[in-house]
Amino acid sequence: MRESVADANEEQLRAFYRSLNDAKGLVGSDLQRNVYRNYTEFVVISKEISNLDGDMLLLRDFIKELRTISASFKDEVDPMAGMVNDSTPISESISQRRKPTEMATSDMQTIYRVQLSALWQSIEGAQRLVPFIPDRHILREFPNVAELHPKTMQARQAAQFILLNDCILLATRKKRTMSYKVKLVADRCWPLGEIKVQDVKNNSEVLNTIKVVHFQEVFFFRCERPEDKGSILIAVQRATDELLDHTKQNEAENSRGVSEPLLEMQSQVESRTKKSRPDRDPAKQMPQLSSADMKWLAELPDELEVFIALREFEEAVAYIEKARAIIPSFSADAGQLESIKEEIDVFVEKLSKAIGRDLSNSLLTKVQFQRNINWLLRLGLGESGREMFLATRAAVIKKRIRQLTFEGDVTTYINELSLIVFTLIRNTCEWYRDSFKDNRMASGTLAARFVTWVKEQITAYAQIFNKQVFGQNSFNLRIIADCLRSTTDQCTLLRKVGLDLKFLLDDLFAEEIKALIIAYEERCIGKLDKIIKEDRFLVVSSQSLGTDVKVTASVVSFYNILIKFVNEACLLVKLPLYTTLITSISNIAEQYLRRMVKESQSREMAKDQRYAAMMNVAFVLDNVVPRISSQLNRHFDRPIPELDTLRATMRGKQITIYLDTFNVEYSPVAWVCRTNICLKNLKNFKLIE
Numbered sequence: 090m091r092e093s094v095a096d097a098n099e100e101q102l103r104a105f106y107r108s109l110n111d112a113k114g115l116v117g118s119d120l121q122r123n124v125y126r127n128y129t130e131f132v133v134i135s136k137e138i139s140n141l142d143g144d145m146l147l148l149r150d151f152i153k154e155l156r157t158i159s160a161s162f163k164d165e166v167d168p169m170a171g172m173v174n175d176s177t178p179i180s181e182s183i184s185q186r187r188k189p190t191e192m193a194t195s196d197m198q199t200i201y202r203v204q205l206s207a208l209w210q211s212i213e214g215a216q217r218l219v220p221f222i223p224d225r226h227i228l229r230e231f232p233n234v235a236e237l238h239p240k241t242m243q244a245r246q247a248a249q250f251i252l253l254n255d256c257i258l259l260a261t262r263k264k265r266t267m268s269y270k271v272k273l274v275a276d277r278c279w280p281l282g283e284i285k286v287q288d289v290k291n292n293s294e295v296l297n298t299i300k301v302v303h304f305q306e307v308f309f310f311r312c313e314r315p316e317d318k319g320s321i322l323i324a325v326q327r328a329t330d331e332l333l334d335h336t337k338q339n340e341a342e343n344s345r346g347v348s349e350p351l352l353e354m355q356s357q358v359e360s361r362t363k364k365s366r367p368d369r370d371p372a373k374q375m376p377q378l379s380s381a382d383m384k385w386l387a388e389l390p391d392e393l394e395v396f397i398a399l400r401e402f403e404e405a406v407a408y409i410e411k412a413r414a415i416i417p418s419f420s421a422d423a424g425q426l427e428s429i430k431e432e433i434d435v436f437v438e439k440l441s442k443a444i445g446r447d448l449s450n451s452l453l454t455k456v457q458f459q460r461n462i463n464w465l466l467r468l469g470l471g472e473s474g475r476e477m478f479l480a481t482r483a484a485v486i487k488k489r490i491r492q493l494t495f496e497g498d499v500t501t502y503i504n505e506l507s508l509i510v511f512t513l514i515r516n517t518c519e520w521y522r523d524s525f526k527d528n529r530m531a532s533g534t535l536a537a538r539f540v541t542w543v544k545e546q547i548t549a550y551a552q553i554f555n556k557q558v559f560g561q562n563s564f565n566l567r568i569i570a571d572c573l574r575s576t577t578d579q580c581t582l583l584r585k586v587g588l589d590l591k592f593l594l595d596d597l598f599a600e601e602i603k604a605l606i607i608a609y610e611e612r613c614i615g616k617l618d619k620i621i622k623e624d625r626f627l628v629v630s631s632q633s634l635g636t637d638v639k640v641t642a643s644v645v646s647f648y649n650i651l652i653k654f655v656n657e658a659c660l661l662v663k664l665p666l667y668t669t670l671i672t673s674i675s676n677i678a679e680q681y682l683r684r685m686v687k688e689s690q691s692r693e694m695a696k697d698q699r700y701a702a703m704m705n706v707a708f709v710l711d712n713v714v715p716r717i718s719s720q721l722n723r724h725f726d727r728p729i730p731e732l733d734t735l736r737a738t739m740r741g742k743q744i745t746i747y748l749d750t751f752n753v754e755y756s757p758v759a760w761v762c763r764t765n766i767c768l769k770n771l772k773n774f775k776l777i778e
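So the sequence shown is numbered by the working numbering: it starts at 90 and just counts up by one.
Errors might be hidden in some of the hints.
[Claimed, not checked] Beta-carbon label-pair distances, calculated as ranges:
#, residue 1, residue 2, range
1, K696, R567, 42 to 50 Å
2, R149, R538, 17 to 25 Å
3, K687, N110, 55 to 63 Å
4, Q557, Q720, 47 to 55 Å
5, D697, K616, 58 to 66 Å
6, D523, K616, 17 to 25 Å
No lab work stands behind these hints, which were simulated from the structure alone. Where a beta carbon is used, it is the ideal one built from N, C-alpha and C, also for glycine.
Generate the whole structure from the sequences, applying the supplied hints.
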């Protein structure tokens with residue numbers, strides 16, 4: 090932003106400001122449309138959820154009817170029932186005496202009949218909706234209830250609840266014709282197993298209200314006091330629980346009543362088999378299933394359908410585990426055994442898909458994740474659960490990255506990005522370790538798959554890093570170094586969970602850093618021609634080099650360029666890029682010396698100017714290069730022989746300038762003797778004849 094408006098005039102700034110305001114307006118309108126669309130979808134989903142209770146009750150009623158029809162078919166075609174009845178003497182059934190409990194039961198039935206008769210007399214039409222059946226009786230009455238209109242929530246008519254042990258009777262209050270008396274008329278009757286009575290939270294428009302859900306129908310009723318509402322909810326819940334317990338008890342008694350004659354016949358058949366084939370070893374025979382287990386297996390598909398529809402996954406998994414434990418003892422033929430296994434596998438697939446949908450929810454907590462994974466492990470789908478788990482965690486990381494906003498500060502953005510990515514990777518490691526505690530899931534190829542997943546996430550992070558950091562801050566090495574430092578600090582957090590992947594980051598960033606160093610080198614070399622052409626080859630002093638150093642202006646500029654390059658490069662370069670950095674430094678120094686010598690030879694200069702050029706070469710080789718070598722020695726903790734080779738190679742440039750300064754036809758030895766120059770000025774040089 091700062092670079093784009095740096096050279097703009099006032100009119101351009103105003104136009105830019107107007108474009109920003111227009112963009113702000115567009116974003117605001119888009120956000121408003123999205124909010125409205127999301128709200129509309131939320132309303133639709135809420136309506137679907139409200140209708141789901143009625144659908145489930147309807148499904149439960151259908152399943153109950155299906156079981157009843159199946160039971161009636163079994164009773165009609167069961168050949169063993171007649172055999173059992175034939176084996177029971179009629180005299181025994183007639184001679185059985187009534188027990189005291191049966192006497193008490195008959196008395197209670199009389200009381201219940203009297204209650205219902207009084208109910209029929211007080212409420213018109215009640216006998217049609219609530220006929221007498223054994224054990225039906227009144228539990229409690231709730232007067233002073235008002236039925237509300239479902240849309241306006243206004244009172245429609247006065248009503249009264251009569252709670253029975255198996256149903257709820259709704260009676261409305263109506264005035265008699267030509268009279269001021271009020272009569273009760275039976276309106277509806279709901280079986281307790283087909284309805285749900287729910288509390289409606291109080292607000293400014295609705296107070297002390299309950300909701301009755303019966304399949305697709307929803308009714309609202311308002312009580313006079315909060316105590317009345319609480320009493321209705323508690324009484325209905327208690328009656329529903331008692332009815333459910335009573336139903337289960339009757340089913341258990343019926344199953345025992347059916348299984349006893351079956352077991353008796355099975356024992357008779359086994360005894361006849363033993364007599365006919367005494368040589369068979371009974372220990373080697375496959376154990377037979379009991380009638381209760383056979384009945385349970387027959388009802389298993391219906392139970393699993395209900396459990397999956399009601400999202401009762403724990404019960405569904407427990408039933409499948411029990412079925413898998415029973416099947417090995419099943420002595421049926423192979424075809425029937427295979428069909429049962431295939432049917433169970435179908436429900437396992439349905440259940441795994443339902444659990445997988447929950448597992449893909451990015452808002453799940455660690456406890457919820459572990460519960461879902463535990464269900465999949467118990468179903469024998471550990472590998473599928475692992476893949477779902479890793480895919481979900483990868484989606485969570487991508488979602489969190491997309492939620493970050495880049496506001497221009499690269500360092501802040503990378504700090505937040507690295508914090509999010511590596512924290513989520515660490516949490517995923519902990520969740521994986523706690524969820525897959527089985528040694529088979531936590532070692533070998535499965536553990537290698539998890540490490541591969543971690544590598545994929547770090548690679549994706551490196552791609553974003555390279556795009557944001559190296560792509561936009563080509564030569565700002567300090568910003569790049571800060572970003573790399575924050576990334577490395579966050580990567581060290583993975584050591585707490587047993588992962589040290591710092592080497593992976595170094596490998597992912599190595600090519601970008603290498604390309605950056607080479608580009609920086611070319612940029613520095615590009616500056617050399619300018620500083621050399623502007624050099625007048627007159628001795629100047631510099632505070633950075635010391636006041637006693639006598640060199641020209643190009644050496645001062647070259648020194649500053651090289652020192653800045655080395656200091657910033659050392660912030661990024663590690664030992665694997667040692668060769669790249671040393672090569673770049675050598676190229677910069679060599680290019681300066683060659684171009685400076687070439688420029689000095691091409692100009693018409695006085696002897697003192699050529700002498701200054703010679704001193705430039707001597708200072709670079711004897712002071713600048715050793716100083717750089719010492720700094721790199723401390724950084725890499727090793728000697729730098731490549732720079733020593735550079736010094737030896739470039740000595741010839743200094744000799745060339747010495748000869749050009751005076752007379753090129755004289756040999757170096759003759760020139761030294763004739764000009765009577767002190768040999769101390771030629772130290773560190775080898776003059777070869």
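Each hint tested on the structure:
no., hint, result
1, K696 to R567: 42 to 50 Å, "holds (44 Å)"
2, R149 to R538: 17 to 25 Å, "violated (42 Å)"
3, K687 to N110: 55 to 63 Å, "holds (57 Å)"
4, Q557 to Q720: 47 to 55 Å, "violated (30 Å)"
5, D697 to K616: 58 to 66 Å, "violated (26 Å)"
6, D523 to K616: 17 to 25 Å, "violated (58 Å)"
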